[in-house]
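Colleague: Listed here are the chains, written in short residue letters.
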Amino acid sequence: MEAAAGGQRALLRQVLGWRVAAAVTWSVLLLPLCTAAFVVLSGLDPFHPLRWISNSFNDLYTSYVIFCIFLMSVVIIIISIFNVEFYAVVPSIACSRLALIGKIIHPQQLIHSFVHAVMGMLVAWCATVMTKGRFQFLAVPCTPSESLEDAVPQMCLNEHHLFFILSGAFLGYSYSLFFLINNMNYLPFPIIQQYKYLRFRRSLPLLIKHSCVESLYFVRNFCVTYYFFGYIPKVWLCTTMGLHTDSKLHPLDTLSGLLDLSLFYHTWLSGVFLLMTWYIAWLLFKIYATESHHFPIQPTFAQETDQCLPKILNSNPPLLIKFLALQDLMLLSQYSPVRRQEVFSLSQPGGHPHNWTAISRECLSLLSDLTQRLIAQQEAAAANGRAKPPVGELKVPPQTPGAVGIEDVSFQSQRSNIVLRPSMSPLVKPSLMPVKASPGSDIGSPFSSPALSYKMGVVDIKSPWHGTVQSPHVMRRGPKLWTSVSDQQMNGSHHESSPMPSAARTGSEAVQPRFIFYTWLQNKQEQIKNFLLKRALIMYFFSKHPEASIQAVFCDAQMHIWALEGLSHLVAASFTEDQFGVVQTTLPAILNTLLTLQEVVDRHFKLPHVSSKPPRISGSLVDTSYKTLRFALRASLKTALYRITTVFGEHLNAVQVSTEHKKRLQQFLDYKE
Amino acid sequence: MCSLGLFPPPPPPGDVTLYELNNALVCGRLSEQLPLPFQSQVPELPVLSLPKEPLKAHGRLEPSARPPFIHHRESLWKRCLSAWRDAGLCGLLRELAGAEEEGLRWLRTGSSHALAVCRWLSSLHGSLFPHLSLTSEDMIAAFSQAVDWAGCTIRAFAWHPHTNKFAVALLDDSIRVYNSSRSPCSPRECQSLLRRRLSRLLLQPPQVSPGWDFWPARALSGPGTPRPSHTSATVPSLKHRLQRNVAAMAWKPLCASILAVACQSCVLVWHLDPTSLSTRPSSGCAQVLSYPGHGPVTSLAWAPSGERLLSASPVDTAMLVWDVSTETCVQLQWFGGGGVTYVAWSPDGSKVLAATPSAVFRVWEAQMWTCERWPTIRGRCQTGCWSPDGSRLLFTVLGESVIYSLSFSEYRGEMQGQVGGSKTASIVADLSETTFETLYGEERIGGEVHSMVWDPTGERLAVIIRGHPESVGSQPAVAVFRTRNSPVFELLPCGFVRGERGARPQLISFHPCFPQGALLTVCWSSGRISHIPFFFVSALEPRGSPRRSPAPVLGSVREQPLFSEL
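These protein sequence lines map, in sequence, to chains W and H.
Sequence positions in the first sequence follow full-length UniProt numbering and run 1 to 673.
Sequence positions in the second sequence follow full-length UniProt numbering and run 1 to 566.
Just so you know, not all the hints are guaranteed correct.
Here are the simulated DSS-like pairs of lysine-lysine, each with C-alpha atoms no more than 30 Å apart in a straight line [what the hints assert, rightly or not]:
no.: 1; chain 1: W; residue 1: Lys196; chain 2: W; residue 2: Lys209
no.: 2; chain 1: H; residue 1: Lys423; chain 2: W; residue 2: Lys209
no.: 3; chain 1: W; residue 1: Lys103; chain 2: W; residue 2: Lys672
no.: 4; chain 1: W; residue 1: Lys672; chain 2: H; residue 2: Lys78
no.: 5; chain 1: W; residue 1: Lys103; chain 2: W; residue 2: Lys209
no.: 6; chain 1: W; residue 1: Lys606; chain 2: W; residue 2: Lys672
no.: 7; chain 1: W; residue 1: Lys529; chain 2: W; residue 2: Lys544
no.: 8; chain 1: H; residue 1: Lys423; chain 2: H; residue 2: Lys239
no.: 9; chain 1: W; residue 1: Lys613; chain 2: H; residue 2: Lys239
no.: 10; chain 1: W; residue 1: Lys662; chain 2: W; residue 2: Lys672
no.: 11; chain 1: W; residue 1: Lys196; chain 2: W; residue 2: Lys132
no.: 12; chain 1: W; residue 1: Lys606; chain 2: H; residue 2: Lys423
no.: 13; chain 1: W; residue 1: Lys529; chain 2: W; residue 2: Lys613
no.: 14; chain 1: W; residue 1: Lys209; chain 2: W; residue 2: Lys613
no.: 15; chain 1: W; residue 1: Lys196; chain 2: H; residue 2: Lys423
Since the hints were made in silico from the structure, they are not lab data.
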């Protein structure tokens with residue numbers, strides 16, 4: 001286990017390492033360009049254009065500009081390190097305001113904000129040095145007063161410099177805050193593949209526009225803040241450094257002081273400079289990290305086994321690696337006949353379709369995982385509208401399979417089969433669940449490789465979503481909805497694996513008293529929660545935004561979209577390319593999974609609060625594509641089903657699926673869906 | 001090289017081309033029937049006639065709402081604000097220059113000078129790209145695939161890629177979707193169609209009723225009372241506030257009923273429920289895909305895998321690749337050419353042709369989206385079509401009456417970012433004007449090609465030849481070629497397709513899945529839509545699927561190794 005995790009970390013380092021290095025290198029290389037633009041623009045003098053240009057070009061070669069570039073390169077590297085540490089392929093969506101506040105004051109985020117504020121100060125200091133003029137030094141000699149009583153020139157505080165530095169810190173903090181709120185650490189994968197240079201060029205105008213506008217807002221906010229609180233740092237600096245305030249100059253924390261156009265321009269410009277260099281680093285990291293990676297299907301050498309696609313899909317790698325692997329699967333299934341051939345090939349001694357089995361198993365488990373999650377969510381949504389059942393009903397008969405849900409992990413594989421059935425029965429017809437018709441006519445006909453005995457109903461127990469299925473609602477209603485039909489089916493499905501159910505049953509009996517206590521506790525919790533929810537302020541913080549919680553359910557749907565596309569393209573290609581018929585054996589399972597998911601997704605879009613159209617996305621730099629993933633999932637699910645039915649056509653009638661699904665398939669064959 | 005001189009003479013006037021059998025086009029009266037063995041094999045397709053009179057082009061005739069209201073002058077800054085919102089900077093300057101308020105002399109002179117500069121700049125821009133000075137309607141008329149887009153009833157036509165369903169865009173900016181109940185594509189259903197035949201009928205729409213019911217010929221001519229046909233009786237009529245000046249339509253592949261419509265300011269994507277009986281789907285069924293500066297949209301193309309939609313506008317230098325489900329788009333920016341007028345996705349999904357208003361077109365490779373640039377000598381690329389396996393592109397150029405062919409190296413999937421075009425395009429057909437001596441007098445056919453379609457089996461190529469407008473007696477015609485793509489490309493004459501007397505071809509399109517050969521649909525200027533079957537046995541033998549699925553099948557046929565490796 002340890003070794004595997006280590007290997008995966010090594011793989012992540014291997015894949016991501018050079019990407020990060022390249023991204024950082026490019027952002028550092030682009031820094032002098034930005035600096036040059038900044039120097040030229042900061043010395044803007046429209047009335048003497050020639051002098052302006054010659055001056056600014058002379059400035060570029062001075063030692064302090066070069067020193068600033070070095071300093072800012074360090075800043076860029078630190079910013080990039082934070083980008084790398086904080087990236088996520090699955091966005092974390094705050095469902096309520098309290099969760100958002102919790103995220104903001106999370107220590108990790110506090111460190112992020114603090115470091116960014118410090119970096120902002122550094123960049124602002126560099127900007128003051130490069131701007132020269134009245135911004136350059138913190139302490140300047142006071143303007144000599146008329147009364148020449150003491151000859152010693154006094155040092156006064158240069159408030160412009162202070163304003164500049166503080167604005168840098170403010171911008172850095174705001175950047176960090178917006179980074180969090182807008183989920184800018186989320187890595188969206190592009191909808192089409194393009195070369196990195198073209199992607200960068202395409203985003204560059206947006207980036208410039210975005211940083212100009214953003215900087216304007218930040219500087220405005222900073223001016224307001226400084227107007228109210230500016231005296232605090234000023235007085236503090238004056239006292240600690242023994243500086244005087246210059247009575248001749250306007251103090252900046254007044255209206256007239258802030259209405260200085262040149263000050264505003266320079267602050268804004270340095271803000272644009274800061275945001276642009278940071279956004280460029282962020283954009284380059286995004287572009288490099290989401291570039292497709294070519295995983296081999298079959299290892300050429302023995303030590304590469306860990307890096308080939310089926311192995312990676314089946315292990316539990318870091319999420320980025322998993323995403324890249326699925327993206328590669330989608331690309332190869334669509335564009336590369338040679339690599340598809342490798343997927344369909346048989347292993348050399350033994351003749352097992354290991355590659356296909358591994359790939360299809362992982363895709364199917366991903367999809368059925370999503371199905372379970374959606375069912376649980378729909379269940380919760382349906383329960384919200386209903387009255388709570390009285391406590392008396394909680395007297396569960398001892399053989400209730402629902403009770404098995406809370407005990408330990410020993411019966412996992414079997415338990416999932418049992419537990420989930422009652423939880424979905426109210427919403428999903430029993431036939432929806434992949435039912436194995438009879439032990440004899442199993443999915444796998446001629447090939448009896450181990451993976452073919454894979455059951456689709458089995459969910460990934462380790463997934464965090466499993467917990468939600470066991471919510472008290474579900475378990476409470478379990479016995480009521482336990483119809484004879486599903487009971488039979490359960491028995492049927494247990495037929496093959498006989499020793500397990502009895503073991504599970506004994507376990508459930510043992511755990512019975514604990515279960516009742518647990519539900520009582522849950523009930524109390526609910527009551528307290530309900531009581532608190534009635535208070536308005538708490539309500540404001542606790543109330544879940546329906547849209548956000550739906551987004552949270554579908555936040556990693558990109559994986560499922562790729563799994564769908566990859567699987568359907570492979571199945572469609574197998575019609576002509578699969579020489580050994582390896583795909584045929586899994587076709588019923590694939591169709592079952594897809595049709596079940598289709599039904600559940602359809603039902604999801606009929607829930608209240610679920611909009612059927614994606615919200616308008618303005619073309620801005622901040623990517624909000626995670627908000628619309630569910631629509632993409634719905635569309636690609638339908639397309640995937642049509643892709644399979646269009647290629648196989650009438651042959652699908654020979655595939656063994658339940659009558660319900662057969663009806664559904666016929667609709668797809670008739671293009672009536 | 002094939003030339004029009006090799007063609008059989010056009011059919012006598014008054015006769016109508018009915019079908020192709022034994023490599024010859026058969027003409028005759030409208031009432032003639034198909035030969036018996038074929039009657040059963042052709043699905044019942046609605047033959048429509050949509051005359052111009054009942055459709056009022058409200059777009060232009062509609063009186064403005066201005067007269068009933070009392071004229072009221074707003075304050076200057078309000079007017080400026082609204083002008084800025086409506087017409088941008090130029091509108092603002094115009095408003096300022098025309099201001100009559102006192103004490104604004106300097107503002108007025110300043111803005112009139114600025115306006116002059118603006119005009120000069122735009123004229124400079126317009127002299128580089130003359131099409132930019134056209135109004136959007138003229139622009140669509142110039143670049144549309146319809147011969148007479150502005151004047152004819154039918155402005156766009158699109159077959160559904162999998163079923164017997166087509167959409168027709170009409171002059172009054174509405175779209176109708178006609179449906180035949182049975183699909184000819186599946187062999188089993190063909191059996192059930194044995195007792196059917198091609199119904200042929202002139203349909204006069206009742207002037208009073210808003211719906212357009214059509215009845216099969218049999219129902220009218222046969223005994224008994226007229227009854228609704230077997231084709232689906234509901235004809236959804238799509239109208240939307242933004243659905244103006246429809247230039248093109250495209251059905252989404254691998255989908256039941258999603259129709260993308262290129263409009264003046266946006267792309268509308270209609271989600272029609274195939275089982276619904278509603279004749280007026282609400283505008284809530286339409287998704288609006290708009291992007292600033294991307295309009296009028298003149299061409300649309302879906303990826304054959306059904307995942308992405310391409311839209312092109314002559315005023316936007318970027319093509320947009322849409323992910324329709326999430327309404328996000330990616331710009332494919334390429335400045336040369338000044339816009340994109342026509343896009344065509346190759347049937348195997350590997351390449352995209354993008355024509356520009358200048359004498360250059362591009363071929364994009366659809367995996368990494370890089371492009372090859374092809375300058376032409378005479379004029380802009382007017383139209384183009386792909387062979388079914390995506391290895392050959394036929395295109396025509398304005399100002400030349402020839403068809404060029406461009407072959408591409410085979411698509412193997414591993415060559416990322418290479419288009420793989422050959423070095424030069426070759427001329428495969430000469431369509432210069434030819435005089436045919438017939439019994440009924442001289443006929444002159446030939447000239448520039450306006451639109452060109454290749455059938456899905458790659459065996460027939462239909463071409464609308466526009467003729468020379470200045471020479472008398474030269475008229476647009478539809479020429480059909482027999483083609484073969486492998487082992488060597490061949491283009492052989494087949495014949496001319498003739499409509500009713502006086503009818504000029506407007507749009508042509510092949511049925512995407514006709515099992516007995518090919519089915520050409522021609523929209524005539526009289527508002528008639530006729531279907532002409534070509535009966536032949538396709539040489540494209542390993543026809544992978546019962547319903548054709550070009551992308552994976554064709555890629556794989558070539559992938560098969562010649563010798564087994566042991």
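Colleague: Would the hint linking lysine 423(H) and lysine 239(H) be met if the CA-CA limit is 30 Å?
Modeller: violated (46 Å)
Colleague: Quickly compare the C-alpha distance for lysine 672(W) and lysine 78(H) to 30 Å and report which way the hint goes.
Modeller: violated (53 Å)
Colleague: Just to be careful, I want the Cα atoms of lysine 103(W) and lysine 672(W) compared with a cutoff of 30 Å; is the pair within it?
Modeller: It is violated: about 46 Å lies between the C-alpha atoms, which goes past 30 Å.
Colleague: Below or equal to 30 Å on CA atoms is what counts here, so check lysine 529(W) against lysine 613(W).
Modeller: violated (33 Å)
Colleague: Given the hint that lysine 529(W) pairs with lysine 544(W), test it: the Cα-Cα distance must not exceed 30 Å.
Modeller: holds (13 Å)
Colleague: Taking only the CA atoms, is the gap from lysine 662(W) to lysine 672(W) under or equal to 30 Å?
Modeller: holds (14 Å)
Colleague: Can you confirm whether the C-alpha distance between lysine 196(W) and lysine 423(H) stays at or below 30 Å?
Modeller: holds (27 Å)
Colleague: Quick one, are lysine 613(W) and lysine 239(H) close enough, alpha carbons at most 30 Å?
Modeller: Holds, because 19 Å separates the two Cα atoms, which is no more than 30 Å.
Colleague: Regarding the pair lysine 196(W) and lysine 209(W), is the alpha-carbon distance no greater than 30 Å?
Modeller: Roughly 20 Å between the alpha carbons, so the hint for lysine 196(W) and lysine 209(W) holds.
Colleague: Please work out if lysine 606(W) and lysine 423(H) have their alpha carbons no farther apart than 30 Å.
Modeller: At roughly 55 Å apart (the allowed maximum being 30 Å), lysine 423(H) and lysine 606(W) break the hint.
Colleague: Straight-line Cα separation of lysine 209(W) and lysine 613(W) no greater than 30 Å?
Modeller: Between lysine 209(W) and lysine 613(W) the Cα gap is close to 28 Å, so the pair holds against 30 Å.
Colleague: Under the criterion that the straight-line Cα-Cα distance not exceed 30 Å, is the pair lysine 196(W), lysine 132(W) satisfied?
Modeller: Roughly 37 Å between the alpha carbons, so the hint for lysine 196(W) and lysine 132(W) is violated.
Checked against the numbered hints above, the structure breaks hints 2, 3, 4, 8, 11, 12, 13 and satisfies the rest.
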